[in-house]
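Going line by line, the protein sequences match chains A and B.
Residue numbering for the first sequence is 1 to 361, as defined by this note's numbering.
Residue numbering for the second sequence is 1 to 340, as defined by this note's numbering.
There could be a bad hint or two in this list.
[As the list claims (entries may be wrong)] To give an idea of the interface, some chain A residues facing chain B are shown, with a C-beta separation under 7 Å as derived from the structure:
id, residue
1, 5
2, 81
3, 212
4, 215
5, 244
6, 319
7, 325
Hint data in this document are derived by calculation from the structure and do not stem from the laboratory.
Even glycine gets a Cβ: it sits at the ideal position worked out from N, Cα and C.
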Amino acid sequence: MAVYNQVETREAPSNSKGMVHWLRTNLFSTPLNSAMTILGIAFLFWVIPPFIKWSIIDANFAGSTRADCTGDGACWVFVRAKMDMFMYGFYPEVERWRIHLTYALFFVVIATFRYLKQAMPKIIIATIYFIIAFVLIRGGFFGLETIDTNKWGGLMLTIVVASVGIVCSFPLGIILAFGRASKLPIIKSVSVTYIEFIRGVPLITILFMSSVILPLFFPEGVTFDKLLRALIGITLFQAAYIAEVIRGGLQSISSGQYEAADAVGLSYWQKMLLVILPQALKVAIPNLVGSFIALFQDTTLVLIIGLFDLLAMVQVTGSDSHWLGFETEGYVFVTLIFWVFCYSMSVYSKSLEKRFNTNLK
Amino acid sequence: MKSKIAKISIAAIAALSLSASVASADTLSDTLSQGYLKCGINSGLPGFASADSQGHWSGIDISVCRAVAAAVLGDKTKVKFTSLNAKERFTALQSGEIDLLSRNTTWTETRDSSLGLNFAGVNFYDGQGFLVHKSLGVKNAKELDGAAVCVQSGTTTELNLADYFRKNGMKYKLVAYDSNDQVLKGFETGRCDVITSDSSQLYSLRIKLKNPAGSMVLPNIISKEPLGPVVRQGDDKWFNIVKWSYAAMVAAEEAGITSKNVDSMLKSNNPTVKRILGVEGKLGENLGIRKDFAYQIIKQVGNYGEVFERTVGMGSPLKIKRGLNALWTKGGLQYSPPFR
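Kindly generate the complete structure, drawing on both the sequences and the hints.
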C-alpha cells in the first residue's frame, strides 16, 4: 500500500509575494504603468514638500496682527483673526448662541431619526425643526432680536442655503418626477417643460435673474429679501435635477410592482408613496447624495449676488486694509471646510446605503 | 397636511420678507419712519468698504453712508448695509432696495442721464496711475519711455495706457495678465518695470508686495474716474440731503472744523462756521432735516480730511496721498459750495 506523506506546504515563490510582488503587479505591471508611477511620484515630490514647507514649517501661527507674519510661509494668524467672520459673517456676537443651539438641535434630530422607523413622524419632526431653526436664527418672535439676512454670512449662510435648497427641492423634485412619469398629458408636459427649461439654464443665470431682473418686475418700490430670492432660485433649480434623479429610480422599479399594487386595489397615491417611491429612493440614494454635494458646492455662486457665503468671506476678509494679501490662506482654509462637509455627506450616504441594503435587489 | 405645509411656508415667506417695504417718492420720510438708512456698498474694496475682524464696516465710501445717517437720523450707526456687485447696484437703487449707493461708482454722462440716477458729489477722484520700482529712479510718468508695463488685460486701462504713451511720443512694452495677482507676480519677478491700474488699486497692490517700501506710485493720473455717492432721480429733496451732507464734510475741512474741536467751534465768531454748524441760519430746516445736521456729521464721522486720512490716507495701511483729493485751496479738486 502506497503511503502518501503529506507534503509540507511550501511558501509562494519569492517573486509572487511580499512588497516586491505587490509593487510589480500594482505599480510596475507594464512599461506604461511604470512610467505613470514614476511620473506620479515625481509629481508628489514636486508638490508636497513645498506645500508642507509653506503651510507648516515656515508658517506663522502665533500672534494677532499682520506684523506677526514675518516668514515666507502661510499666515494662519489671518485665519485665526478672521475666524468669527468665516463662521458667522456679520451675525452679532452676543446672539451667536442661537446659531450654536440650531446646530446642536440638528444633531439631536439626526439622532432621533435613527430610532424612528416610520416616515411621517420624521417629516413632522423635520418640519418642526426647520421652524425652530428659522425662529432662532432670524428672530423677531418670543423677544428674540431680529437679525436681518444681510448680517448672515460665512459657513452659517452656506449651511442655510444648502439645507434649505436640499430640503425644499426634495419634495418638489418628487412631485416633478411623478409628473413626468404621469400618463395625464397636461401634467406630463408641464413637468417636462419645467425640467428641461431649468436644466437648460446655468444656476448662475437663475441667481442673476433673481437679483437683477426680478426686482424690476415688482411694483415700484416693493423689494423682496435678497436671500429669499436666492433661496427660491436655488430650490427651483435643484428641484429639476432631483426630479431627474428620482425618475431614474422610478424607471428601475419593475412593472410587476406597479401591477401588484394595482391588483391589491391601492389608489394612485398609495401605490406611488407606499410601494414605488420607497424602492425608487433606495436605488437613487447615491445619485441623490451626489446632487446634494453638488448643490452644497454650488451655493458658493451666491457670491455673485452679494451674499457672503463661506467662499465670499475670503474676499471680504481679504479686503480689510490691515490684512491685505492673505487670500491664499483663506482659500486653503475654506477648501478644507468644504472638503470636510462634502466628505461627511458622502460617508453618510454610504451608511444609508448599507442600512437600506441597496445592493441586495 | 398639504394645506398645513402651505400655510407654514406662506407664514415663513411673509416673515422673511418683513423687510420688504413699499418706498414712496419721499425717501426722507421713509428713512425717518423705518429708523435706518438703506445704503448699498461694495462687498470689499480696501480703504473704500471693508469689514474688520468683528464685522464692522469702514472705509471712505462707508463714511458717506454714516454721514447721511448722522444728518438724517442723528446716529451714524443707523445704517443697513447691502453689499452689491457692479451689475446689480443700479437695479437695487431703482427698485428701492437701497436709498443711497456709495460703492466706488464712476460718474459718467451715460449713467447720469440714462439710468435714472443722480450723482451727489465726488468723494474720491480716482484715475489711472503708475506704480514703479524705486530703484528705477523715475519720478514722473513722462520718463517712462521704453518701459515694460504690466497691465490687467481686457480693461479700459490698456486703452488709456496706449493713448497716453502715443500722445507723449513714447514707446512701451505691454505685458498683459489675467488677474491682479498675476500682475503683481510679474512686477515682483521683474517681467515689467511698471504696473498701471486705478491709483486706489495701486496702493493696495503695493501693500501686497514683499517689500512695499521699494516701490512708489507716480504722481501722474492719466484718466478720469470720479467716484461718488448716487441717489435715485426724481426725489430732489433726498438728492439735496445727500449732496449737502457730503458738502458739509468738505466745508468743515475748509473751515478748519474737526471732530475734536467741533464743540468749541460752536462758540466761534466766524460767520461761516456758525452757518455750517447751524448756530445761525436755517440751512438744516431748508433741507427738511435737523438744524445741526453738519454738527452731527462732523462730531460723529469727521470732516473730509479726517475721513480720508483715517480710511485711505496716512492713518491707514494704504497711505494714499491726497493728490487730486486735496482741498481746492491746496491744489486739489475737493470744493464745497458755500453754506449760506
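Of all the hints given earlier, name the ones this structure violates by number, lowest first. 1, 5
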